[in-house]
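Each chain is listed here by its residues.
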Amino acid sequence: MAFEPTKQKYTGAIREVTIGTGDKAVTVGGRSCFPFYTFEGEMPHPPRIAMEVWDKDPGDDWPETAKEPFKDVLGDPVAWAKKCVDEYGAEIVALQTRSADPNADDKPAEEVAAVVKKVVDAVDVPVIVWGVASHEKDTEVMRLVAEQCSGKNLALAPVEEGDHKQIGAACMGYDHVVVASTPIDVNLAKQLNVLLGNLGVKEDKILIDPTTGALGYGMEYSYSVMERITQAALTQGDDKLANPMVNNIGIEVWKTKEAGQTAEEAPELGDPKTRAVLMEAITAICFLLAGSDILILRHPDSVKLVKSYIEKMMA
Amino acid sequence: MKLIGENLNIVSKKYGKALKERDAKTLQELAIQQAEAGMDYIDLNIGPAGKYGEELMSWLVPVIHEVVDLPCALDTSNIKAIEAGLKAHKKGRAMINSIMVRPERMDALLPLAKEYDAEFVALLWGPEGMPRDENERGALCAEIVYKATEMGIPPERIYVDPIQTPVNVQQNQIMSALAFMKMFNDIAPGCNSTIGLSNVSNGAPEHLRPILNQVMLIIWKRWGMKSAIVDCFDTELHAIARGERPELEALVHKVEDGEPIDMDSLTKEERDFVKTARVILGHTLYSDSWLEL
Numbered sequence: 001m002a003f004e005p006t007k008q009k010y011t012g013a014i015r016e017v018t019i020g021t022g023d024k025a026v027t028v029g030g031r032s033c034f035p036f037y038t039f040e041g042e043m044p045h046p047p048r049i050a051m052e053v054w055d056k057d058p059g060d061d062w063p064e065t066a067k068e069p070f071k072d073v074l075g076d077p078v079a080w081a082k083k084c085v086d087e088y089g090a091e092i093v094a095l096q097t098r099s100a101d102p103n104a105d106d107k108p109a110e111e112v113a114a115v116v117k118k119v120v121d122a123v124d125v126p127v128i129v130w131g132v133a134s135h136e137k138d139t140e141v142m143r144l145v146a147e148q149c150s151g152k153n154l155a156l157a158p159v160e161e162g163d164h165k166q167i168g169a170a171c172m173g174y175d176h177v178v179v180a181s182t183p184i185d186v187n188l189a190k191q192l193n194v195l196l197g198n199l200g201v202k203e204d205k206i207l208i209d210p211t212t213g214a215l216g217y218g219m220e221y222s223y224s225v226m227e228r229i230t231q232a233a234l235t236q237g238d239d240k241l242a243n244p245m246v247n248n249i250g251i252e253v254w255k256t257k258e259a260g261q262t263a264e265e266a267p268e269l270g271d272p273k274t275r276a277v278l279m280e281a282i283t284a285i286c287f288l289l290a291g292s293d294i295l296i297l298r299h300p301d302s303v304k305l306v307k308s309y310i311e312k313m314m315a
Numbered sequence: 001m002k003l004i005g006e007n008l009n010i011v012s013k014k015y016g017k018a019l020k021e022r023d024a025k026t027l028q029e030l031a032i033q034q035a036e037a038g039m040d041y042i043d044l045n046i047g048p049a050g051k052y053g054e055e056l057m058s059w060l061v062p063v064i065h066e067v068v069d070l071p072c073a074l075d076t077s078n079i080k081a082i083e084a085g086l087k088a089h090k091k092g093r094a095m096i097n098s099i100m101v102r103p104e105r106m107d108a109l110l111p112l113a114k115e116y117d118a119e120f121v122a123l124l125w126g127p128e129g130m131p132r133d134e135n136e137r138g139a140l141c142a143e144i145v146y147k148a149t150e151m152g153i154p155p156e157r158i159y160v161d162p163i164q165t166p167v168n169v170q171q172n173q174i175m176s177a178l179a180f181m182k183m184f185n186d187i188a189p190g191c192n193s194t195i196g197l198s199n200v201s202n203g204a205p206e207h208l209r210p211i212l213n214q215v216m217l218i219i220w221k222r223w224g225m226k227s228a229i230v231d232c233f234d235t236e237l238h239a240i241a242r243g244e245r246p247e248l249e250a251l252v253h254k255v256e257d258g259e260p261i262d263m264d265s266l267t268k269e270e271r272d273f274v275k276t277a278r279v280i281l282g283h284t285l286y287s288d289s290w291l292e293l
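From first to last, the protein sequence lines are chains A and B. Mapping of the first sequence onto our numbering: position 106 corresponds to residue 106, and the numbering continues sequentially without gaps. Mapping of the second sequence onto our numbering: position 153 corresponds to residue 153, and the numbering continues sequentially without gaps.
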């Protein structure tokens, strides 16, 4: 008798979600098997990489190694975003509205939104607008962004239980995608999607952000929760969790101690750039295997590494 | 099933205050309510209670026994307070709640159980903390039961507690505690069992906690659980414990056995029991809105 490998039985599939418009719009999801298990089901769309752009000069918040590839554009978000797309092949731009942070620059919402609009108009790839996780400020900013960028099919993040009604309504009104963000818990992720559904947000307008850590900083736990979400969606037929996932990786990896230490500070950890790039790439690949669909990365070298990994896995 | 009323608890706003202020009247009112609700034991949870534990327990047990005849479950990690409670306990057989399966706890408390002829809750919490699966539960259970019976404590005095976890954080641990329960009679013949039931709904919306507790009780009951530590004000739950809701029990069993269920033919209450059984048993993933889905 011929050898018959055991096959996983699937009862659900991840739904397709599209962000952006036109030729460069990106569709993710549609997967009816575990990540890259194309011998068991369909994986019509590869996971995609978004490159991180800040709406202000990150200054001391970024290690030199992270700033180096962007040194001519830091502080000019439009030029920065264009550089990511034109030179580094970003398929999506993830614009972090750090200047809005009420505990730091606290720039007025109107000014923040105006810069977002400039960036959105300057690139043809989809844009994820990532706020500062302050319910009040994000609501103010995202309402303006949603209105001023109407028709661009942006993804707005993070949408949490505390501001889901405000930002969710703005997304519905101007046809954007909601990034539903919960603190690394499968039950809470489900609950927020239920609440968004009750509000009237369409199922194909939701991405899940499970709020994940970095290598050495909660990566394993993040993996487990993402795996649990994937399993619920695919093998338990849990309709409420059958949405693509997005991971805000760059910001988590590059704020770790090890990613920022210079060769003098930590000679035993090797070349600072290689070290941090590998930390970012390893975290990204780990989350790909757990079911991620969009990875937000910072360094062009990690982007290159992870892209080649995805190509090989999809081949 | 025997019921142990959990409400006299140091973390309760009302009764915690009464304990701190030695307000006998408030505590006695609760004791009377517990007796009227049909509780078989009154749990006296005074917390770790530090250096006041001994004095507090010596005061509390007679205060309760002034108004009711029910035995008390002495619920504290404070060994001196347990002994003080055992000394003061004159009505029926006292219960020690609990003895963990850790050498230092067993060495200190098992001799007290023997000396005062008390019952005790054998909490399956080992030197490394919470058991990871049913097999580790089995090993811990065998260890404490062996130690106790070797000292001459009769098995029926031992109430093994396989540890209830909340459905919204550790649903898989509910399954392993249940798997343990199915082996329990073979591992520890003649022993009793109990469970801190309300923990299943810890963190769930307050108004939805009773149905989680009720369905969980049905499942435990089916697998031979002898007693449970429960909310003394949840009369629906007590009715289930007394076997007065056989139709709901049968329905939950059907869910557990994977039988097809025609939801349209059910009442709202029955549908809610089916949905709740499904989240507890992991057929569907818990979320706070599970009854609306």
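No lab work stands behind these hints: they were computed from the structure. Do not rely on the hints blindly, as some may be mistaken.
To be verified - Derived DSS-like pairs: lysine-lysine, alpha-carbon spacing no greater than 25 Å straight-line: (1) A:Lys7 to A:Lys117; (2) B:Lys20 to B:Lys87; (3) B:Lys254 to A:Lys9; (4) A:Lys83 to A:Lys255; (5) A:Lys118 to A:Lys71; (6) A:Lys9 to B:Lys87.
To be verified - Sample of chain B residues facing chain A (criterion: CB under 7 Å; computed from the structure): (7) Thr165; (8) Asn168; (9) Gln170; (10) Leu285; (11) Tyr286; (12) Asp288.
As the list claims (entries may be wrong) - Have a look at the derived ranges for each label pair, beta carbon to beta carbon: (13) B:Ile261 to A:Asp106: 50 to 56 Å; (14) B:Leu291 to A:Ala25: 36 to 42 Å; (15) A:Lys257 to B:Val11: 34 to 40 Å; (16) A:Asn198 to B:Gly16: 34 to 40 Å.
Treat the numbers as computed from the prediction; the structure is a model and nothing was measured. Idealized CB from N, CA, C, for every residue including glycine.
Hint check:
no.	hint	in the structure
1	A:Lys7 to A:Lys117	48 Å, violated
2	B:Lys20 to B:Lys87	21 Å, holds
3	B:Lys254 to A:Lys9	23 Å, holds
4	A:Lys83 to A:Lys255	23 Å, holds
5	A:Lys118 to A:Lys71	20 Å, holds
6	A:Lys9 to B:Lys87	60 Å, violated
7	Thr165	13 Å, violated
8	Asn168	5 Å, holds
9	Gln170	11 Å, violated
10	Leu285	5 Å, holds
11	Tyr286	5 Å, holds
12	Asp288	5 Å, holds
13	B:Ile261 to A:Asp106: 50 to 56 Å	55 Å, holds
14	B:Leu291 to A:Ala25: 36 to 42 Å	38 Å, holds
15	A:Lys257 to B:Val11: 34 to 40 Å	38 Å, holds
16	A:Asn198 to B:Gly16: 34 to 40 Å	37 Å, holds
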